[in-house]
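A.B. asks: So the chains spell out like this:
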Amino acid sequence: MFNLNKNKLITLLKVQYSNMLEYRVEIALWAISGIIPFFMLNIWTNNNLNESINLSNVMLSRYFLSAFFVRQFSVVWVVFTFEEDALLGKISPYLIQPLNPFFRYFAQHIAEQITRFPFALIIALIFFLINPESLWIPSLGLFLLSCLSTFFSFLIQFLIQSIIACFCFWTEKASSIERLLFIPTLFLSGLLAPVISFPEYVKSWIYITPFPYLIDFPANILSGNNTNIISGFFMQIFWISILFPIFKRTWSMGTKKYTAMGS
Amino acid sequence: MEENIIQVENLSKSFDISSKEPGLKGTLKHFFKREKKSIEVIKNINFGIKKGEIVGFLGANGAGKTTILKMLCGLIYPSQGKLSVAGNLPYKRRSNFLKNITLIMGQKQQLIWDLPPIESFYLNAAIYDIEKFEAKKRIKKLSDMLEIEKELYIPVRKLSLGQRMKSELLAALIHKPNILFLDEPTLGLDINAQRNLRKFLQIYNKETDATICLTSHYMKDITSLCKRVICIHEGCITYDGKLEKLLKKISPVKDILFICRTDKDAKELSNSGFIIKNKNQNEITITIKKEAIKSTLKMILNKFDIEDLYINEPPVDEIIGNILVKGKV
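As you go down the protein sequences, you meet chains A and B in turn.
The first sequence begins at 38 in the numbering used here and counts up by one.
The second sequence begins at 3 in the numbering used here and counts up by one.
Calculated directly from the structure, the hints in this document are not laboratory data.
One thing to keep in mind: the hints can contain errors.
[Unchecked claim] Below are the DSS-like pairs computed for lysine-lysine, each with C-alpha atoms no more than 25 angstroms apart in a straight line:
#1 B/K279 x B/K250
#2 B/K101 x A/K51
#3 A/K294 x B/K45
#4 B/K208 x A/K210
#5 B/K138 x B/K178
#6 B/K152 x A/K51
#7 A/K294 x B/K101
#8 A/K51 x B/K139
#9 B/K38 x A/K294
#10 B/K139 x A/K43
#11 B/K84 x A/K293
#12 B/K110 x A/K294
#13 B/K27 x A/K210
#14 B/K250 x A/K293
#15 B/K281 x B/K247
#16 B/K178 x A/K43
#17 A/K51 x B/K279
#18 B/K296 x B/K250
#19 B/K201 x B/K139
#20 B/K138 x A/K210
#21 B/K222 x B/K52
What you are looking at is a predicted structure, and each value in this text was computed from that prediction instead of being measured.
Could you build the full structure based on these sequences and the hints that come with them?
C.D. replies: This is the structure:
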């Protein structure tokens, strides 16, 4: 089903990176459009909301900057691209190649993240110029762990969207299902507020969903906030191992329904 | 006896299609209750294709030609029947099968739009597990054959349709497939580009003994490439055999152009009860049954003062066009 090897992966990444560089202005704008955590930081600090969760201004700034970084490297849009390609029959040539077409989309996402990196770095530098007290250098260990958890966060989101994308084989507008997930992702992932700030009864069930492991968990590791690293990674791996077979099954069933419309 | 590389037995394909009546009432009805119909687009067809054959699929729009190609290459699942391509069940899409085939659709592209074609070629080479050195050699050879060496480094979006189509062909052939499925490969190309593409396919078939299944609405593609044709009408095969035989079978007539020396002869000839296909001053084209040519010519040459004459086969486009309309052979 997958037939991926090192050579294919590297070539895919190289080609998709070259392709993404053609869109550098768009990607810079996308990077800038991801500054929602900074607005949230402003709201939190101006209203002294952080006092209620025993988090200093500095730690809160670091959290939201980390949330910005995690978001930059875990944004997923595969459902929209796949939907368009499936409806217009563009995936037909890719379906008869010995490589699952989702690897093309996967490589596009990774290539986009690499292209985003310098822009995200510039935004972070501006952030530190405005908030010099927030400047910190995480330990190498925490930095690597946060990179890994960000990648897992990306994988979880990529798998969720890929499963939804496969519904294109049954329904023409599968992306509308993704919209249903937008609200919980926005509120429960830690993008608008650290999950620690949620009421206890919400926290008691929120941690069994995949949402807090998308932004909150990696951002807490990077910013040096208290978090249970082992259970966080356990839950990320748990969700990946649940979602991956579901994706495989949906893909296998979906391709049997494919009618190659528009081609 | 040589075994078939493609074998199709009792193959059928149905699609579920929902229909909607026009107007607001129809829209509301459609919103609450979708009426779905199952339409059988391919009906119980049988055929076999031998290695190295070039077979043309003929039929009107919606006859089912492309659906057959899509099933043969494994893009869509058949609803019923047996299907074997190079010993594989195409819809399983096994890696060794996919490495053996290619599908080129005139209206679809796989090249990355913003990058030069060479990038897509190397990507395809990696996907098909071709080493870089070997890929370079193949790109060089195919780009020489297709005469697109200069275009390899120009972004796809800046290439003309013909250049793009040639690049698509190169991308689709880089893994040296043994079976080619070509769905209107010359669509939108100018006459020279069409001719070059046909020439290339002839050479490729000769050099590699590849099997080619082709659909095209340009009869020149069919007549210059295919010795055998399969006619499809409303999902059924109405003819499967040699193109030459088909033309003889469905067109047992010839057109003869007579140039009369005088107006009087021209007028008399046109009023002699023959089937007049065309009349232009002293030039009269008459359609005559093949078996009656000798006697009719003798009679006309004895009776009228004929300056010159030309015997022509009716144009293939015209004959095939008639089959497509009638659906019968």
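A.B. asks: Would you mind confirming whether the straight-line C-alpha gap from B/K208 to A/K210 stays at or under 25 angstroms?
C.D. replies: Given that 25 angstroms is the threshold and the Cα spacing comes to 46 angstroms, the pair is violated.
A.B. asks: Is the straight-line distance between the alpha-carbon of B/K84 and that of A/K293 25 angstroms or less?
C.D. replies: OK: B/K84 and A/K293 at ~16 angstroms, within 25 angstroms.
A.B. asks: Would the pair B/K27 and A/K210 pass a check requiring their Cα atoms to be no farther apart than 25 angstroms?
C.D. replies: OK: B/K27 and A/K210 at ~23 angstroms, within 25 angstroms.
A.B. asks: For B/K101 and A/K51, compute the direct alpha-carbon distance and say whether it is at most 25 angstroms.
C.D. replies: holds (23 angstroms)
A.B. asks: Regarding the pair B/K296 and B/K250, is the alpha-carbon distance no greater than 25 angstroms?
C.D. replies: holds (17 angstroms)
A.B. asks: With a cut-off of 25 angstroms on the C-alpha distance, tell me whether B/K281 and B/K247 pass.
C.D. replies: violated (30 angstroms)
A.B. asks: Going straight from one Cα to the other, do A/K51 and B/K139 come out at no more than 25 angstroms?
C.D. replies: holds (21 angstroms)
A.B. asks: Has the given pair, B/K110 with A/K294, been kept, meaning a C-alpha gap of at most 25 angstroms?
C.D. replies: holds (20 angstroms)
A.B. asks: Is the hinted pair B/K152 and A/K51 satisfied, with a Cα-Cα distance of at most 25 angstroms?
C.D. replies: With a Cα-Cα distance of about 23 angstroms, the restraint between B/K152 and A/K51 holds, given a limit of 25 angstroms.
A.B. asks: With the threshold set at 25 angstroms, check whether the alpha-carbon distance from B/K222 to B/K52 stays at or below it.
C.D. replies: Between B/K222 and B/K52 the Cα gap is close to 23 angstroms, so the pair holds against 25 angstroms.
A.B. asks: Would you mind confirming whether the straight-line C-alpha gap from A/K294 to B/K45 stays at or under 25 angstroms?
C.D. replies: holds (19 angstroms)
A.B. asks: Has the given pair, B/K201 with B/K139, been kept, meaning a C-alpha gap of at most 25 angstroms?
C.D. replies: holds (21 angstroms)
Going through the hint list in order, the structure does not satisfy hints 4, 14, 15, 17, 20.
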